[in-house]
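S.K.: So you can see what is in the structure, the chains are spelled out below.
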Amino acid sequence: MKSDQNPLLNYTIPQLLRWRVQHSGDKVAIREKDYGRWICFTWNDYYDFVRKCALGLKELLLKTKDTIAIIGDNIPELLFISIGAQSIGAISSALYQTSLPEEIAAIINYMDVKIVFCDDQEQVDKLIAVRAQIPGVRKVIYEDSRGMRSYQSDDWFMHIDALYKLGETAHQKNSELFDQLINSGKPDDVCHLCLTSGTTGLPKGTMMTHRNYINMGIQITTVDPLAETDEYVSFLPFAWIGEQMNSFGVAMATGITINFPESVETAMEDLKEIGPHFMFGAPRIYENIRAQIWLKIDESYWLNRFLYRFFSRVGNRAATYNMSGQKMPLFLKLGNWIGKSILFRPLINQIGLLRLRRAYTGGAALGPELFTFYQALGVNLKQIYGQTEITGIAYMHRDGDIRPDTVGKPLPGTECKISEEGEILSRSPSVSPGYYKLPDETNKLIKNGWLHSGDAGYIDDSGHLIIIDRMSDVMQTGRNEMFSPMFLENKLKFSPYIKEAVIFGNQQDYLAALINIDPIIMGKWAEDNQISYTTYMDLSGKPEVATLIKNEIETFNKHIDKKYYFIKRFAILYKLLDVDDGELTKTGKIRRKFVMEKYQDLYKSLYDETIQSKKVMAKFNYQDGQVSEIETDIIFYTMKSS
Amino acid sequence: MKSLQVSNVSLIFGGIHALSNINLAIQSGQITSIIGPNGAGKTSLLNCISGFYHPTRGNIQLDDHDLTHASPHQVSKWGIARAFQNLELFSNMTVLENLLLARHKNLKYNIFQALLYFGKAARVEAENRQFVEEIIDFMELEPYRKKIVGNLGYGIQKRVEVARALTLAPDILLLDEPIAGMNVEEKEDIVRFIIDIKQELKTTIVLVEHDLGVVMDISDHIYVLDFGELIGDGPPDEIASNPKVIQAYIGDEL
Chain A
1 MKSDQNPLLN YTIPQLLRWR VQHSGDKVAI REKDYGRWIC FTWNDYYDFV RKCALGLKEL
61 LLKTKDTIAI IGDNIPELLF ISIGAQSIGA ISSALYQTSL PEEIAAIINY MDVKIVFCDD
121 QEQVDKLIAV RAQIPGVRKV IYEDSRGMRS YQSDDWFMHI DALYKLGETA HQKNSELFDQ
181 LINSGKPDDV CHLCLTSGTT GLPKGTMMTH RNYINMGIQI TTVDPLAETD EYVSFLPFAW
241 IGEQMNSFGV AMATGITINF PESVETAMED LKEIGPHFMF GAPRIYENIR AQIWLKIDES
301 YWLNRFLYRF FSRVGNRAAT YNMSGQKMPL FLKLGNWIGK SILFRPLINQ IGLLRLRRAY
361 TGGAALGPEL FTFYQALGVN LKQIYGQTEI TGIAYMHRDG DIRPDTVGKP LPGTECKISE
421 EGEILSRSPS VSPGYYKLPD ETNKLIKNGW LHSGDAGYID DSGHLIIIDR MSDVMQTGRN
481 EMFSPMFLEN KLKFSPYIKE AVIFGNQQDY LAALINIDPI IMGKWAEDNQ ISYTTYMDLS
541 GKPEVATLIK NEIETFNKHI DKKYYFIKRF AILYKLLDVD DGELTKTGKI RRKFVMEKYQ
601 DLYKSLYDET IQSKKVMAKF NYQDGQVSEI ETDIIFYTMK SS
Chain B
643 MKSLQVSNVS LIFGGIHALS NINLAIQSGQ ITSIIGPNGA GKTSLLNCIS GFYHPTRGNI
703 QLDDHDLTHA SPHQVSKWGI ARAFQNLELF SNMTVLENLL LARHKNLKYN IFQALLYFGK
763 AARVEAENRQ FVEEIIDFME LEPYRKKIVG NLGYGIQKRV EVARALTLAP DILLLDEPIA
823 GMNVEEKEDI VRFIIDIKQE LKTTIVLVEH DLGVVMDISD HIYVLDFGEL IGDGPPDEIA
883 SNPKVIQAYI GDEL
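Here the protein sequences line up with chains A and B, keeping their order.
Under the numbering used here, think of the first position of the first sequence as 1, with each following residue one higher.
Under the numbering used here, think of the first position of the second sequence as 643, with each following residue one higher.
The shape of chain B in the complex, shown without the other chains:
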């Protein structure tokens, strides 16, 4: 089990302080949520963790690995996977192809074996398919296995997005607004999946989400950002009664 430590991270774009002096400790095996109004810096923070941005100051540490200046592919190799807010799937490929492709880092065989589909190549491909099928089973995507992603409903595409992150068998899963734009039924489904990912796969989850009802229900720990600053953290009931948080969300009374 790995724990993720974000220490004094600041992210500055010219004159804009997207993040200033953020400290997070992500406990392994828990659901940690990051909430805050629009533009608070939630996605920027995820981008820093997953290696898309590098913090201007501060340090991000995953056990022995220093993520501060790591590139996205290194971060994924060390066990952090991410599902994006705006779907980043290959929409002209099938669900199965999308998921298999995500595991290409595990395909270690040489060009001759690949050409002849022989020995290690055949074995590794079969193992890969087995692994992907387990994820399909887990995310209940069987009916869509061979469907083109672009033709699927939005709720299903979101599920595929999460499934793709899971094919990397991550220790830590970053979910960027997995519930946004869903109807009530799809929402219930995906929340069930998130809880199952935590309990069954023992994956640590970092959740960025606007739906406070869901966040309060399923989180073990919550961090609240506002204008790039951390204005509070704690278990859900504590956050719900934190005056600073209420003010950030509702604003000052007139």
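Chain A on its own, in the form it takes in the complex:
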């Protein structure tokens, strides 16, 4: 492997921290907002706190390969204590703040946790609730002593200041000790267990090595360089790989400053004060920011609104050139420049994104219109793709080569290929050695050094990766052609009139769909076109609505990548799919088996081309337990292939 190319790859995280101290010890490494002020920690301070934690933990008899768990909102102490543990060869791990007590107990026992760090009473109380179930936990260290006065008599608990004191005393006794401990670390040692959500049962602890993180930090910044003076705001959950990737990997590899918001609620306000140079987030964050911008524009006066509407059209057109790296026509370039200067720059400054050079989204798919929206504003939003097991990122967009429907190209040093079954495989120094104490799972994950992602995808002509779906959710038609219902449904849902769609076709000759119309947008459309209706069911049954949907599906059929993606028949469902009726999961995904069984009549009719319409009994369950049945006509439409 090329791991020896960059000298930083031969360090562990604590060793790299020491290297930072030697190179720029007085530079601010961490900032935390507290009592309304930004409090700075230089690399020297950072290192001091890590040393206190490390030696303190050692005094508490934490040994090499022992595990500590961290549960809390983002505060600098999370880093002090986790890197402290790593300094003495122990392994850190982080749990989600929202975890329930039983869940915490199960994870703690699975990972053999010896010491837990909590930020406040909320988390400490969860541990108290399951104290009897976690005999292996020797100490609970906490940061915010609020509300915990009565716990102080119990020596199971310890304030972090007491840990610092222990560490400081140990350091005074032997000032060489910490250096020696750090020196004994190896870059390929496991330093952190990162939880990955298991689809069933307990999460798995992915073993991460020092080199996994540091390689990631180096490789991202070879694509998108960062300077020491750049700022990052830490607001993602620390248990998520995305946050560790930045605080362990990128920050150590580049020396940027990490800023911790005052509280979870103030994160967006604090972001404004810092003005970060890059940020990571799940799609929801970007959706929220867009909603904020729209709200601000809506509340503004008419001239602003007029200018916004005008220049966002200009910006959208310019964005398509920017994203594909093409040269803009001069006139558009000028218009875009004016729009940016008088409108968009002040606008994104209000959100705190003015200095942002790059924003990354990962974790789930983001609607293509959102990419265009941000690019039009001048925010360089890019998609990344990867999983915990490869330290977060395997593929990402390059500047000037951003395509909303792809996840970009592999990171430098990452080899990627598609298996014969269509699964995405990757290999790089950032691939985890496996799952903690789960050899069978590890063998399934890594074969011959290739990480098996479990995602189906393909690489297009220009080398971009396109994700289809989870391997397990991919279906095959009667002619053994592979397709992902979810992938197609999402495409169908680009139509504003379609709220939800269920695509069938497993072991069938063609694809068919059940459609849910969007009650609000379709309702508005009906009003505008003077179509009167009473209920959702009534609106769904209108012939005008069907014609509109038919046109939408025609458009879809025109733009399909593969011929067999053609939707041949569809019907409009009389009710919205609902979580309470068991048709959707809590996260809003379709429960296919259940839906198919519940609407079996409709399913059969979709695949019987002689049926034009059918009378069905629509069943409604009310919240109070009442059930009513109404007879309704469902019409089946057949699309003509062009």
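These are calculated hints, taken from the structure and not from any lab test.
Heads up, the beta-carbon is just placed ideally off N, CA and C, and yes, glycines get one too.
One or more of the hints may lead you astray.
[Said to hold, decoys possible] In the DSS-like style, the derived pairs of lysine-lysine whose C-alpha atoms are separated by at most 25 Å in a straight line are:
no.: 1; chain 1: B; residue 1: 840; chain 2: A; residue 2: 296
no.: 2; chain 1: A; residue 1: 139; chain 2: A; residue 2: 437
no.: 3; chain 1: B; residue 1: 789; chain 2: A; residue 2: 272
no.: 4; chain 1: A; residue 1: 558; chain 2: A; residue 2: 593
no.: 5; chain 1: A; residue 1: 437; chain 2: A; residue 2: 417
no.: 6; chain 1: A; residue 1: 575; chain 2: A; residue 2: 614
no.: 7; chain 1: B; residue 1: 750; chain 2: B; residue 2: 719
no.: 8; chain 1: B; residue 1: 789; chain 2: A; residue 2: 296
no.: 9; chain 1: A; residue 1: 499; chain 2: A; residue 2: 589
no.: 10; chain 1: B; residue 1: 788; chain 2: A; residue 2: 272
no.: 11; chain 1: A; residue 1: 437; chain 2: A; residue 2: 447
no.: 12; chain 1: B; residue 1: 788; chain 2: A; residue 2: 33
no.: 13; chain 1: A; residue 1: 437; chain 2: A; residue 2: 542
no.: 14; chain 1: A; residue 1: 542; chain 2: A; residue 2: 593
no.: 15; chain 1: A; residue 1: 33; chain 2: B; residue 2: 789
no.: 16; chain 1: A; residue 1: 493; chain 2: A; residue 2: 447
no.: 17; chain 1: B; residue 1: 840; chain 2: B; residue 2: 719
no.: 18; chain 1: A; residue 1: 619; chain 2: A; residue 2: 604
[What the hints assert, rightly or not] Okay, the calculated bits of chain B under chain A, using three or more residues with CB under 8 Å as the criterion:
no.: 19; segment: 781-790
no.: 20; segment: 838-844
Since the structure of chain A is provided, determine the placement of chain B on it from the hints.
M.R.: Structure of chain B alone, referenced to chain A:
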């Protein structure tokens, strides 16, 4: 730690006896609640303690200080602060400004220092801000620090009201119906805050409240008023089984 003694206090408006011969002993470090049906005289009693009204007869004593005829600003100087039932905040100012303003009694510098923001003025202002920030942290008001009070939700405004009383660093905090008009979640929050104020800040709390569930849960001692008279006092479980109290609340059976 200061203890507050209310002895034989009566308050008479013309022919109306708002309070007659009330005796209370507020133990320091405890939550003492005053309950009673509407019009029982609870708020009148708080008004007497905080110096808005002066009792017609009787005497109110805070250690060596005689509060009977003291004015509100003297009472606050001696360590009693109050959060009002109806919000009395400056609704066009920010949360931070409201809290800073409440501490103006601590701003002791002369006009020249103030004009030049020099020497003592700068130091005292910085100390003040630090103190106020600690209260903001304590009451978890960080997200609202620079928001205009009038635009905040009612539950938050109530929290600001309590925070403002705390900026006076009181020994005794009078809370007049802090929970009224709140939803369940806001209620749980504010109750948590009240308990924290008692435990963390060691502040004595006098609570006037209608929500009997909350009162029974968190009080150390309860006084019950009805038509201006004290009809019972004791720890919560005793009060809950006191027939006079039950009668005052539920009335006679038909």
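S.K.: With reference to the structure, classify each hint as holding or not holding.
M.R.: Status of the hints after comparison with the structure:
Our distance criterion of 25 Å between C-alpha atoms is broken by residue 840 of chain B and residue 296 of chain A, whose separation comes to about 42 Å. Restraint check: the Cα-Cα separation between residue 139 of chain A and residue 437 of chain A comes to about 23 Å, which is no more than 25 Å; the hinted pair holds. Under the criterion of a C-alpha separation no larger than 25 Å, the hint pairing residue 789 of chain B with residue 272 of chain A is consistent with the structure, at around 15 Å. Between residue 558 of chain A and residue 593 of chain A the alpha-carbon distance is near 29 Å, which puts this suggested pair outside the 25 Å criterion.
Straight-line distance between C-alpha atoms of residue 437 of chain A and residue 417 of chain A comes to about 28 Å, which puts the hinted pair past the 25 Å bound. Our distance criterion of 25 Å between C-alpha atoms is met by residue 575 of chain A and residue 614 of chain A, whose separation comes to about 16 Å. With a C-alpha separation of about 14 Å, the suggested pairing of residue 750 of chain B with residue 719 of chain B holds against the 25 Å cut-off. Using a Cα cut-off of 25 Å, the hinted pair residue 789 of chain B and residue 296 of chain A holds, with the two alpha carbons roughly 16 Å apart.
Taking the CA atoms of residue 499 of chain A and residue 589 of chain A, the gap is near 13 Å; set against the 25 Å cutoff, the hint holds. Between residue 788 of chain B and residue 272 of chain A, the direct Cα distance comes to roughly 14 Å. Compliance with the 25 Å bound is thereby established for this hinted pair. About 17 Å separates the Cα atoms of residue 437 of chain A and residue 447 of chain A, which keeps this hinted pair within 25 Å; it holds. Annotation: proposed proximity of residue 788 of chain B to residue 33 of chain A holds, straight-line Cα distance about 15 Å (limit 25 Å).
For a cut-off of 25 Å, the pair hint linking residue 437 of chain A to residue 542 of chain A is broken: about 58 Å separates their Cα positions. Restraint check for residue 542 of chain A and residue 593 of chain A: the C-alpha separation of about 28 Å exceeds 25 Å, so the hint is violated. Between residue 33 of chain A and residue 789 of chain B, the direct Cα distance comes to roughly 18 Å. Compliance with the 25 Å bound is thereby established for this hinted pair. Under the criterion of a C-alpha separation no larger than 25 Å, the hint pairing residue 493 of chain A with residue 447 of chain A is inconsistent with the structure, at around 37 Å.
Restraint check for residue 840 of chain B and residue 719 of chain B: the C-alpha separation of about 20 Å stays at or below 25 Å, so the hint holds. Between the alpha carbons of residue 619 of chain A and residue 604 of chain A the distance comes to roughly 18 Å, so the proposed pair stays at or under 25 Å and holds. Residue count for the segment 781-790 of chain B with a Cβ under 8 Å from a Cβ of chain A: 4. That meets the three needed, and the coverage hint holds. Residue count for the segment 838-844 of chain B with a Cβ under 8 Å from a Cβ of chain A: 3. That meets the three needed, and the coverage hint holds.
Hints 1, 4, 5, 13, 14, 16 from the list above are not met by this structure, while the remaining hints are.
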